[in-house]
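Chemist: If you're matching positions, the sequence shown starts at 33 in my numbering and goes up one per residue.
The hints are simulated quantities; they were obtained by calculation from the structure and are not laboratory data.
Mixed in with the good hints there might be a few duds.
[Claimed, not checked] Derived SDA-like pairs: lysine to any residue, alpha-carbon spacing no greater than 20 Å straight-line:
(1) K134 / A199
(2) K196 / L181
(3) K134 / S58
(4) K196 / R166
(5) K134 / R117
(6) K196 / E154
(7) K134 / N112
(8) K134 / H78
(9) K134 / A111
(10) K134 / D157
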Amino acid sequence: MGKTRHRACLFAREDNDTPVGRSSLSVIALGADHAGFLLKQIIAQHLLDGGHEIVDCGTNNESRVDYPDYGAAVGESVANGGAERGIVVCGSGIGIVMAAGKIPGIRAATVHDTTSARLTREHNDANVIGIGARFVAEQMALDIVEAYLAASFEGGRHQQRIAKLDALDSADEGSA
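Go ahead and model the full structure; you've got the sequences and the hints to work with.
Modeler: As structure tokens, this is what we get:
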């Protein structure tokens with residue numbers, strides 16, 4: 033069975049006069065299923081208002097869809113360099129993170145507060161986070177996004193653990 037290609041993502045920036053290049057703070061890929069659509073839209077506008085560029089991997093309405101399609105699309109966007117980090121939203125923040133994490137090179141984590149958002153970046157070098165729209169209030173979600181984007185990987189003792197995670201990706205590719 034061949035590999036399935038995932039959804040195409042759309043690029044957006046708030047200032048349409050800004051030339052393409054490193055003119056924004058960062059490029060963030062966003063994706064959500066129907067349960068996370070409204071929160072994704074709020075996060076997208078927050079990011080644009082803050083000077084970030086976004087890659088919107090859908091969904092674009094509240095019609096029922098399957099979260100793996102959107103989690104994988106965000107994961108692929110980050111893995112192929114189209115975005116620096118990704119944020120995915122579904123009802124729980126769990127399933128869509130599992131989908132994103134299936135993409136080689138993606139370290140995805142479900143977060144539920146600013147501390148988990150910060151630590152998953154500082155200690156685990158997570159390049160995708162997931163938020164549960166049914167469990168996280170709008171303002172907390174925006175605070176989570178800010179904490180995650182403000183955090184940097186600490187390296188040091190955490191680097192050897194990341195190397196072990198990366199080795200697991202390589203082992204999976206060898207067995208496929």
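Chemist: For each hint, tell me whether it holds in the structure or not.
Modeler: Consistency of the hints with the structure:
1. For the suggested pair K134 and A199, the alpha carbons sit about 14 Å apart, so the restraint of at most 20 Å is met.
2. With a CA separation close to 24 Å, the supplied pair K196 and L181 exceeds the 20 Å bound.
3. The straight-line distance between the Cα atoms of K134 and S58 is roughly 24 Å, outside the 20 Å bound, and the hint therefore fails.
4. At most 20 Å may separate the alpha-carbon atoms for a hinted pair to count; K196 and R166 exceed this at roughly 33 Å.
5. The suggested pairing of K134 with R117 holds, with an alpha-carbon distance near 15 Å, which does not exceed 20 Å.
6. Taking the CA atoms of K196 and E154, the gap is near 16 Å; set against the 20 Å cutoff, the hint holds.
7. With a CA separation close to 14 Å, the supplied pair K134 and N112 stays within the 20 Å bound.
8. Using a Cα cut-off of 20 Å, the hinted pair K134 and H78 is violated, with the two alpha carbons roughly 28 Å apart.
9. For the hint linking K134 to A111, the alpha-carbon distance of about 11 Å falls within 20 Å, and the restraint holds.
10. Restraint check for K134 and D157: satisfied, since their Cα atoms lie roughly 16 Å apart, inside the 20 Å limit.
Violated hints, listed in ascending order, are 2, 3, 4, 8; each of the other numbered hints is respected by the structure.
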